[in-house]
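**Q** Note that the protein sequences, when read in sequence, are chains A and B. Using this note's numbering, read the first sequence as starting at 620 and increasing by one per residue. Using this note's numbering, read the second sequence as starting at 146 and increasing by one per residue.
Calculated from the structure, these hints are not laboratory results. Treat the hints loosely; a few may be bogus.
Only some residues are given here: those of chain B computed to face chain A with a beta carbon under 8 Å [as the list claims (entries may be wrong)]:
| id | residue |
| --- | --- |
| 1 | VAL148 |
| 2 | GLN151 |
| 3 | ARG169 |
| 4 | PHE252 |
| 5 | GLY253 |
| 6 | SER254 |
| 7 | GLY255 |
In silico lysine to aspartate or glutamate, EDC-like type, Cα no more than 20 Å apart, as pairs [claimed, not checked]:
| id | chain 1 | residue 1 | chain 2 | residue 2 |
| --- | --- | --- | --- | --- |
| 8 | B | LYS186 | A | ASP702 |
| 9 | B | LYS186 | A | ASP622 |
| 10 | B | LYS243 | A | ASP712 |
| 11 | B | LYS186 | A | GLU624 |
| 12 | B | LYS159 | B | GLU232 |
| 13 | A | LYS686 | A | ASP712 |
The following residues of chain B were derived to be distant from chain A, with all beta-carbon distances above 10 Å [unchecked claim]:
| id | residue |
| --- | --- |
| 14 | GLN174 |
| 15 | GLU208 |
| 16 | THR227 |
| 17 | HIS230 |
| 18 | GLU232 |
| 19 | ARG257 |
Every residue, glycine too, gets a C-beta built ideally from N, C-alpha and C.
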Amino acid sequence: GEDVEQSLFLSVREGDSSVINCTYTDSSSTYLYWYKQEPGAGLQLLTYIFSNMDMKQDQRLTVLLNKKDKHLSLRIADTQTGDSAIYFCAESDGQNFVFGPGTRLSVLP
Amino acid sequence: GAVVSQHPSWVICKSGTSVKIECRSLDFQATTMFWYRQFPKQSLMLMATSNEGSKATYEQGVEKDKFLINHASLTLSTLTVTSAHPEDSSFYICSARKQGAPMGYTFGSGTRLTVV
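Chain A extracted, bound-state conformation (with noise of 0.2 Å):
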């Protein structure tokens, strides 16, 4: 079955950017999404980028796609300690919804 990577966990400081990685294995994605999840919470769509674009920015988010290396990429500049929260990489054909294992974003003071 089709497989999203990321690494697990990414600790920065407060005022620095982060950047955290996805890998995927759907040549077919159409969509691909970044996700939010605060403890005890839901998922907060972030952003997403369609297949054919290579970048996205929105405030102080930037995602890059690399598609021939099926690389996602989310930075967050300025990372503030309300940033702090499990970040799930996804992607979809149209028809089924893959997640990443998240990446636990922890932001030191």
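Guided by the hints, dock chain B onto chain A, whose structure is given.
**A** Below, chain B alone, put in the same frame as chain A:
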């Protein structure tokens, strides 16, 4: 917008009892909703796809008699955990996709089930 409401947020029940979790799409109609289960510190596992007016489609390894899904209207799907056991304790999340919305699936806030 596309808002999905999930209720209850948390529930504690005794072993052997059944628990119903509701998933509602508040401002759109959803012919299809999805139920996920999340174990501590793990990713989401798709349990089943709920189809309005027809039977749910269960993923391999998910007991359909254990996890009853009913999608009786275009805005409501329910998941009933029958004869709950402590190993059913988990975080259950539903999602739905608004037709024509490219931003993907909207998730409910989740239900934390604890079976004692």
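**Q** Each hint: holds or not?
**A** The hints, checked one at a time:
1. For VAL148 (chain B), the interface hint is violated, the least distance from its beta-carbon to any beta-carbon of chain A being 11 Å, above 8 Å.
2. A least Cβ separation of about 7 Å between GLN151 (chain B) and chain A falls short of the 8 Å threshold, and the interface hint therefore holds.
3. Contact between ARG169 (chain B) and chain A, as hinted, is not supported at the beta carbon level, the nearest pair being about 13 Å apart and thus beyond 8 Å.
4. Evaluation of the PHE252 (chain B) hint against chain A yields a held restraint, the C-beta minimum of about 4 Å falling below 8 Å.
5. At about 5 Å, the closest approach between the beta carbon of GLY253 (chain B) and any beta carbon in chain A falls short of 8 Å, and the interface hint on this residue holds.
6. Using the Cβ-Cβ criterion of 8 Å, the hint placing SER254 (chain B) at the interface with chain A is satisfied: the shortest such distance is roughly 4 Å.
7. With its C-beta approaching chain A no nearer than about 4 Å, GLY255 (chain B) sits inside the 8 Å limit, and its interface hint holds.
8. A hinted pair counts as satisfied when its Cα atoms are at most 20 Å apart, and LYS186 (chain B) with ASP702 (chain A) qualifies at roughly 17 Å.
9. Restraint check: the Cα-Cα separation between LYS186 (chain B) and ASP622 (chain A) comes to about 18 Å, which is no more than 20 Å; the hinted pair holds.
10. For a cut-off of 20 Å, the pair hint linking LYS243 (chain B) to ASP712 (chain A) stands: about 16 Å separates their Cα positions.
11. Taken as a hint, the LYS186 (chain B) and GLU624 (chain A) pair is honoured in the structure, with Cα atoms around 15 Å apart against an allowance of 20 Å.
12. The hinted pair formed by LYS159 (chain B) and GLU232 (chain B) meets the criterion: a straight-line CA distance of about 12 Å does not exceed 20 Å.
13. At roughly 14 Å between alpha-carbon atoms, LYS686 (chain A) and ASP712 (chain A) fall within 20 Å of each other, so this suggested pair holds.
14. Here GLN174 (chain B) stays apart from chain A, with its beta-carbon at least about 19 Å from theirs, past the 10 Å limit.
15. Consistency note on GLU208 (chain B): stated as away from chain A, and its beta-carbon is indeed over 10 Å from all of that chain's, at 20 Å minimum.
16. Against the 10 Å criterion, THR227 (chain B) stays outside the reach of chain A, whose nearest CB is about 23 Å from its own CB.
17. Look at HIS230 (chain B): its CB is around 22 Å from the nearest CB on chain A, clear of 10 Å, so calling it non-interface holds up.
18. At roughly 20 Å from the closest C-beta of chain A, the C-beta of GLU232 (chain B) stays outside 10 Å, upholding its exclusion from the interface.
19. Not every C-beta of chain A lies more than 10 Å from that of ARG257 (chain B), the closest at about 7 Å, which undercuts listing it as non-interface.
Violation of the numbered hints given earlier is confined to hints 1, 3, 19; the remaining hints are satisfied by the structure.
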